[in-house]
Structures are given as structure tokens and as C-alpha cells.
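Here are the chains, one letter per residue:
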Amino acid sequence: MISYVLRRIAATVPVLAFVGLFVFFLLRLTPGDPAILIAGDQATTQQIASIRGQLGLDKPLTEQLLAWAGQLAQGNLGRSVFSDMEVTRLIGMRIEPTAMLALVAIVMALAIALPLGTLSALKAGSRTDRAVMAFAMVGFSSPVFVVAFLLVYVFALSLGWFPTQGYVPLSQGILPCLNSLVLPGLALAMLYAALLARVMRASLLEVLSEDYVRTAHAKGMKPRRVVLRHALKNAAIPVVTVVGVGIAALLGGVVVTETVFNIPGLGRLTTDAILRRDYPVVQGLILVFSLVYVTVNLLVDLSYVLFDPRIRY
Amino acid sequence: MTVTGSVAQKAPDLFQNLGGFLRANPTILIGLAVLAAFTSVALIAPYILPDPVRVNPIQRLRPPGIDHWFGTDQLGRSTLSRTLNGTRISLTIGALVTILTVTLGLGIGLVAGFVRWLDGTVMRIMDGLMAIPGILLAIALMSLFGSSVQNVVIAISVAEIPRMARVVRSSVLVLREQTYVEAAITNGAGLPRMLLRHILPNAAAPVIVQATYVFASAMIMESILSFLGAGTPPTIPSWGNMLAEARPFMQRAPWMIAFPGVALALLVLTVNVLGDALRDAIDPRLARKLRV
Chain A
2 MISYVLRRIA ATVPVLAFVG LFVFFLLRLT PGDPAILIAG DQATTQQIAS
52 IRGQLGLDKP LTEQLLAWAG QLAQGNLGRS VFSDMEVTRL IGMRIEPTAM
102 LALVAIVMAL AIALPLGTLS ALKAGSRTDR AVMAFAMVGF SSPVFVVAFL
152 LVYVFALSLG WFPTQGYVPL SQGILPCLNS LVLPGLALAM LYAALLARVM
202 RASLLEVLSE DYVRTAHAKG MKPRRVVLRH ALKNAAIPVV TVVGVGIAAL
252 LGGVVVTETV FNIPGLGRLT TDAILRRDYP VVQGLILVFS LVYVTVNLLV
302 DLSYVLFDPR IRY
Chain B
-17 MTVTGSVAQK APDLFQNLGG FLRANPTILI GLAVLAAFTS VALIAPYILP
33 DPVRVNPIQR LRPPGIDHWF GTDQLGRSTL SRTLNGTRIS LTIGALVTIL
83 TVTLGLGIGL VAGFVRWLDG TVMRIMDGLM AIPGILLAIA LMSLFGSSVQ
133 NVVIAISVAE IPRMARVVRS SVLVLREQTY VEAAITNGAG LPRMLLRHIL
183 PNAAAPVIVQ ATYVFASAMI MESILSFLGA GTPPTIPSWG NMLAEARPFM
233 QRAPWMIAFP GVALALLVLT VNVLGDALRD AIDPRLARKL RV
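Sequence lines, in order, name chains A and B.
Read in order, the letters of the first sequence correspond to residues 2 to 314 in the working numbering.
Read in order, the letters of the second sequence correspond to residues -17 to 274 in the working numbering.
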């Protein structure tokens, strides 16, 4: 078990190293001078020279890479070109809204997808099943900002139940905070819920055709108990896997959702940084998002033991 | 699995009997018809509708009516004309990304699956690319290369290729163990001949299915990039650009959002339904798992 955990953690090293290299070369290998690209069209020669010095662009490439990797190892992501703040501080200030939004979206997606997927599998082939799957297909195909606009138009502008945009920080109370996240959370959850409902249905259908489920039925166990005791737990693994893989789509969706709803989180920071050509911030954000993705999927892999005692490492 | 008949009827094959295949799978036929309708709209729109970029300040923000079926935007441009012309940019980018992704994904996947000593390195690079959320990767590339249709295609393809390469590689790993492949090697077939004649035709089904998902995902990504201001140049009427411009007028002119939004969702839905139907029809291993 411990050796498996260690091996699994070691396997993330090359992936993260690649992301680091990619982020480093992203800026350096662009056509033209990166310092001019960052400084913009109206910059003076002095400003360009100062950016070049700040990023160490005047040194040889290998030296730059070593210096950058060394800083990274100390948790130093450099300074924002736009505000001169440390990138780590800038990111730290914006984490709360994004973490809350992602959390709300995951909870909503699970709350929608698991019951619907289970219902669909238990009534496979029925009209209910087809309706749920059609709903999942529509959810799967609707871009997050189209869903967001629809929700805002109906529930904010027309009915006035929720605010159209903005974020209330946790420090002002948990309920106002959650209230401000209902619409963005739902918009973000839609794609995720559709994906999970489809996997839940497929996975449960497969488990229901297993021998041990037939045995449970044969010994006279109540159908309800068979599903709750035997089937659901065994159907969980593919669902958990997709929760992990879907994090990538969720993190991408965060960028769009925060822009539509004007939420001052990491996603909004990303769009702002890109429009301002603030590359140290963009680099830091890509690293952070990838780190989250890799960590979540590591945890997902390790969690399989909890769901299926047959899995031993 | 239960066997229903004594002799299972062989379903018409996509590659040998296209007509029979489509008759046996009406969903695919309908999906292709809707896609063809979208394509015709894209081709005809510029000839029968007013110029989508012509500004008409007197007719600003007009609601849908007899004169303007889909209403007008904040500059008095026809939403109908812009929406229908937007079909072209979405389909073009979807198609180009799919072609690029299939070509490079096949190349990388075949090499990784067949040349063992390259496999580890190549797949770690693909894993690394997949660890960066696709949209983030694409907007980062766009911010460096600047907005143009060509760059949008490249940026989205970079995000889509790793998954395609994975699909191809996993097919190849199964196929290379097959007896007929071993027989071909024994007969002295070289690597290129082996890949083209024996592996490629047998790996086609999962690649076609994955390609439809790439097509749908590319159209969504393009609209997101344009919406965030890092995609198709704003002078070109793409759905993402229209939605970005419509945002401040959401309350006054909801039609500016409704028409491009619905068009985008409908087109993506069509392609996804087509992809699912194709998967059920030509990838029996997956279909058996998912079908009732």
C-alpha cells in the first residue's frame, strides 16, 4: 500500500515537470521579443529594458531556466508586471471565491447527477430514462456562458430571486455568500452534472448485471436493499474517476463563469492577466491550476481502496 | 450478456455498405441532415442576407419583428445575418481543428503504440499537456500568438491532440498483439506498410467517434475564446464575439444573446448526438457497456 502511494506520487513528478517546462518556454519561445510583447505597443525602450532585466531575459536560456526552477522550488512565482505584487500573494488573495465556487458547483453537480443517473439506470429503457439522458445530452452540449445567461435572465432579471452578478465573501456570513453563488454554481455544475449522470447510469447498469447482484436477488433480498447495499457502492469507482477527470473542465469553466458573473477569483484574474499581457501571473496561474488537477486525480486514484476492498496495492 | 437470437443478424458496416448503415441507424441520418442544413446555411448566408458588418445607427437595438427577424444589435447590425454568418466560422474552425487533431493524434498515437522506446517519453508529454485545463492552455497560447482564425485553430488543436493520441495508442496496443499483425511481421512487412494496411483500418472506429467529440468541443472552445476576447478577431461575426458584445445589453436586448446562444447549443448538440449514435453503431465494445 505505502509503496503504491509513493509510486503514484512519484508518477506525478514528470507531469508537473513538463507543465513547469511548458510554462517556462511558453513565453521564451514566442516569435519576437517577449519583453516587447509584455510591455505593449506604447512602451519606452527603458521600460522594455527593465522588464528584460526583471525576467532575466538578457541571460542565456539554460541560466534562465535554472534560475526560474530555483525560484519555483522556493515557492516564488515572480512579480506581476502590471501591479508589481508578488504573484503568490495575488493568487492567495483570489483563492477564496474560486474555491467556494468550485465547491458549490461540485456539490450541486453530484446532487443533480447521482439521483438522476441512478433513476435512469434502474428504469433503463423507460421514458424517464430517455428524458434524463436527453437532459444530460443538452447539458453536455450547452456552453457554460449560454447556460449562465439563461439562468441570469430567468432567475435574476425576471424573477429577481438571486443577484445578477458579484460575490459576497465568506467573512460576511455563509448564507449571503452561498446565495451569491447559486447561479454561477448552477451554470458551472451543468456540464459536470451531465457528464456524471451518464457515467453513473452506465456504471450502475454494468454492476446490476453482475453475478453478486443476481445472488443477492436470488436469496430474497429486497430490491431496494440490493441497490443500496451492493450496487451503488460498486458503481462508485467510474463515477469518482470522472469527478477527477472532470476537474479539468470545471477549472476551465471557472474562468468563463467568473467573467460572466464578475466574481473576483482566479478565473477572473486569468482573463485580466491575459488581456493585460501580465505573463508572470499567467504562468503562475497555469501552474496552480495544473497542480490542483494533478493533486485531485492523485487523491481520486488513492481513494479507490475505500470503494472497492478487492483493490489491494 | 444474454444472447437473444440463435443467429445474430450482422449489422450493415459503415465502410462497406453506407446506405444500409444509415437506414439501420436513423439517428445518424438525422444528425447528418441537420449538420448538412447548418452547412448550407453557412454557405448561402453571405449571398442572400445583408452584410453582417454593415452598421446602421438609426436601427439600433430593434427587437425581432417584420423588418428584422432576429432584431438588431447596438450598432444596428442585423442579428439574423450575423447569427447565420457565424455558422460559417464555427463550422470552419470545428472542421480544421478536427482535421489537425486527427492527423497529428494519429501520428503521435501510432508512433507511441508501435515504437516502444518512444512510448514513455511521448505519453508523459501528452499527460503533461492534459494536466493543463484545455481552455486555459488555449487562452495562454492565444495571448502569445495574437487573435486570428489560424491561431485559434492551432491553440484549440494543441489542447485536443493529447486525448486523441491516447485513444489511438490504446487501440494500437490491443491491435499489435493480434495474430494477423504478427503474421504480417513474420511475412516481412515493414513498419509503414504495417501501420497503413493493418493497424489504421482497424483503429478507425474509436478515432471517428473521438473526432466527432473534438469537433463539438472545438466549436465550444472557439466561442469561449472569442467571448473572453482572446479568440476570433472581433471584426468577424462569430457567435462568441456576438455573445461578448451582447453582454452589456442583456436586459434591453435579450435577443442579441438568445439567437447566437441557441444556434451554438443546437449545433454542438447535433454533433454530440451524432457522436453518441456513431459510437453505439460502430464501437460494439463500448456500445455493449452502455446499451440497455
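Because the hints were derived from the structure by calculation, they are not lab data.
For glycine and all other residues, C-beta sits at the position ideal for the given N, C-alpha and C.
Be careful, since some hints might not be right.
[Stated by the list, open to error] Footprint (simulated), chain A over chain B, 3 or more residues, beta carbon under 8 Å:
#1 100 to 114
#2 209 to 215
#3 224 to 238
[Claimed, not checked] Restraint-style ranges between C-beta atoms, simulated for each label pair:
#4 10/A with 22/B: 51 to 61 Å
#5 106/B with 62/A: 13 to 23 Å
#6 14/B with 158/A: 48 to 58 Å
#7 152/B with 29/A: 28 to 38 Å
#8 63/A with 152/B: 33 to 43 Å
#9 86/B with 29/A: 49 to 59 Å
48 to 58 Å was suggested as the range; check whether the CB atoms of residue 14/B and residue 158/A agree with it. 38 Å, violated
Range hint 51 to 61 Å: satisfied by the CB atoms of residue 10/A and residue 22/B? At roughly 54 Å between Cβ atoms, residue 22/B and residue 10/A fall inside 51 to 61 Å, so the hint holds.
Falls inside 28 to 38 Å, the C-beta gap from residue 152/B to residue 29/A? Check passed, 34 Å falls within 28 to 38 Å.
Is it true that residue 106/B and residue 62/A lie within 13 to 23 Å of each other by Cβ? For residue 62/A against residue 106/B, whose Cβ atoms are near 22 Å apart, the range 13 to 23 Å holds.
At the C-beta level, are residue 63/A and residue 152/B separated by a distance inside 33 to 43 Å? Check passed, 36 Å falls within 33 to 43 Å.
Just tell me: holds or violated, for the beta carbon distance of residue 86/B and residue 29/A against 49 to 59 Å? With Cβ atoms ~23 Å apart, the hint is violated.
Mind taking a look at whether chain A covers the segment 209 to 215 of chain B? Criterion is 3 or more residues with CB to CB distance under 8 Å. With 4 residues in contact (Cβ-Cβ under 8 Å with chain A), the coverage given for the segment 209 to 215 of chain B holds.
Taking a Cβ-to-Cβ distance below 8 Å as contact, does the segment 100 to 114 of chain B have at least three residues touching chain A? n = 8 at 8 Å, threshold three: holds.
For the segment 224 to 238 of chain B, do three or more residues have a beta carbon lying closer than 8 Å to a beta carbon of chain A? Coverage by chain A holds here, the residue count being 5 at a Cβ distance below 8 Å.
In terms of the numbered hints stated before, the structure departs from hints 6, 9, listed from lowest to highest.
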